[in-house]
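Engineer: Here the protein sequences line up with chains A and B, keeping their order.
The letter at position 79 of the first sequence is residue 79 when you use full-length UniProt numbering, and the numbering goes up by one with no holes.
The letter at position 20 of the second sequence is residue 20 when you use full-length UniProt numbering, and the numbering goes up by one with no holes.
Note that these hints are calculated values from the structure, not bench results.
Beta carbons: idealized from backbone N, C-alpha and C, even for Gly.
Mixed in with the good hints there might be a few duds.
SDA-like mimics (lysine to any residue), calculated; alpha carbons at most 20 Å apart, straight line [unchecked claim]:
1) A:Lys172 / B:Gln94
2) A:Lys172 / B:Pro110
3) B:Lys168 / A:Gly113
4) B:Lys81 / B:Glu103
5) B:Lys56 / A:Asp66
6) B:Lys56 / A:Gly113
Reference listing, derived: stretches of chain A covered by chain B, where coverage requires no fewer than 3 residues with Cβ under 8 Å from a Cβ of chain B [stated by the list, open to error]:
7) 63–74
8) 158–166
9) 194–200
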Amino acid sequence: MSDEEDDLILADLPDDELVPQMFDDLYDGLREEIEEAVNILLSRGWEPYRILTEALVGGMTIVGKDFRDGILFVPEVLLAANAMKGGMAILKPLLAETGAPRVGKMVIGTVKGDIHDIGKNLVSMMMEGAGFEVVDIGINNAVEKYLDALETEQPDILGMSALLTTTMPYMKVVIDTMAEKGIRDDYIVLVGGAPLNEEFGRAIGADAYCRDAAVAVETAKTFMARKHNQVTHAD
Amino acid sequence: MTSPQDGHTLTELGHPPSQPGASVLVIACGALAREILHIVNQNGWTHLDLTCLPAKLHNRPEQIPAAVEAAVLKHRGAYGKIVVAYGDCGTGGQLAALCKRLEVTMIDAPHCYAFFEGSARFAAHDDEITAFYLTDFLVRQFDAFVWQPLGLDRHPQLRDTYFGHYTKLVYMAQTEDPLLDDIAHECATRLGLAYERRSTGYGDLPSWLGTS
Ligand code: B12
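One chain only, chain A, in its complex shape (with noise of 0.2 Å):
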């Protein structure tokens, strides 16, 4: 099928039909498809934070629970990602221009020792959509790389990531550093890779462990809540 065939049909599908094939297509990692349904979708007078979540988040948080429940495997999640990042950058601009929510500012960066990076990635990229600014220090951090970039970027969160199970007591270094440094309760610490669980992230005074990018996102908006009603009260 030609590409124009493809486009007509797109546009030819109401919004309630149009939202659902973007989740297939995000799924299928279609990134041309995705892009020409974000088109369509603004040009139907969607506001671009309500495409970016209700359409980009909500078919990606799909593709994660398929990947947790080993129905795809990370070539899948990796082009679907690729999709959304697609739509996301026709999205960003315009959302910049229409002040869409602020939602808090995280920092996050894989661990020293480790390069795995496609889970840190796609945590990124999943906090953006649901409106963090997101500051990735990318792979093989040492502690002081974190402490740099809490000072210059000043987040609200946290975020570590590690693959391997022998990177992943370093993060406890991280931690112990910042409460050394009596700045550990000024962030909210999140950690997360495949070898960690709860028990983990609990033993090396993490605020919490996830499992997985949407995981993240629901944990890090309970504790931005938190952390503002926090804030009122002490006022």
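Since the structure of chain A is already known, use the hints to place chain B with the ligand on it.
Structural biologist: For chain B with the ligand alone, coordinates are given in the frame of chain A:
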């Protein structure tokens, strides 16, 4: 003991026990079958029998503990002792906890790259963060175990998303085999990485098996 199954079987299905009358059963990852059988035969350790779980469990490490537990429970009655030839393999300590609970020993190492090189030596080069390792098994099974699961056969454009931060491929060679050397070199080229060969032999594996 019977000769090792072909690599495809070891990746997908594993290997059943085959040494009736042996007193000790080694439950191993399929990626170690050929190596363990070689060491066992070389040393004439007729008291050791081997069964392997599919090597592909490594792509879903959260499933390893349950699979090992099922194998231990299945074979427990038929052997005096069971040992588990797995490292942690990304189970985040869950496999170690299971082995402790079942009172069976496992290999004290994060993964096979560490114990083939020797865990102490492996831990010493933490500057080698941009290296991707292959063993004899992985060289033989590169397509089935690395290339295809990562989707590089279908989506070659993903290569740099996976390997963009890597600089070299290190082939940790268990055996001296020029053919494997050639294939490993080709794997490096396919991944866009520099190539290095390192003879490690079987590392910590023989001494661990010897005490089993
Ligand atoms: C893909 C992969 C790779 C890719 C990495 C590409 C990249 N750019 O990242 C490649 C092939 C390059 C690779 C290399 C290696 N890998 Co690898 N890899 C994997 C694999 C199969 C999947 C990881 C992944 O990307 N998952 C997809 C993402 C979406 O999921 P995720 O990372 O879990 O992230 C989600 C959650 O965990 C969470 N999350 C993650 N981070 C964070 C952070 C925060 C703050 C929050 C809130 C949440 C969160 O949200 C994410 C999204 O939902 C795992 C096995 C597995 N199934 O986990 C092995 C695995 C992690 N690798 C492993 C190993 C051993 C290696 C190598 C040493 C192998 C080798 N042959 O050299 C090298 C590393 C070399 C080195 N010098 O360090 C082992 C680790 C074993 C151990 N003892 O720890 C594993 C477990 C495989 C195994 N069983 O042997 N690997």
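Engineer: Each of the hints needs a verdict: does it hold here or not?
Structural biologist: Against the structure, the hints come out as follows:
With a C-alpha separation of about 19 Å, the suggested pairing of A:Lys172 with B:Gln94 holds against the 20 Å cut-off. Restraint check for A:Lys172 and B:Pro110: the C-alpha separation of about 19 Å stays at or below 20 Å, so the hint holds. Straight-line distance between C-alpha atoms of B:Lys168 and A:Gly113 comes to about 16 Å, which keeps the hinted pair within the 20 Å bound. With a C-alpha separation of about 10 Å, the suggested pairing of B:Lys81 with B:Glu103 holds against the 20 Å cut-off.
For the suggested pair B:Lys56 and A:Asp66, the alpha carbons sit about 19 Å apart, so the restraint of at most 20 Å is met. In summary, the hint linking B:Lys56 to A:Gly113 is not supported, as the alpha carbons are separated by about 25 Å, beyond the 20 Å threshold. Counting residues of the segment 63–74 of chain A whose beta-carbon sits less than 8 Å from any beta-carbon of chain B gives 3, enough to reach three: the coverage restraint holds. Coverage of the segment 158–166 of chain A by chain B holds. Counting CB-CB distances below 8 Å, 4 residues qualify, and the rule asks for three or more.
Proximity of the segment 194–200 of chain A to chain B, defined as three or more residues with a beta carbon under 8 Å from a beta carbon of that chain, is established by the 5 residues found.
Hint violations for this structure: number 6 only, all remaining hints satisfied.
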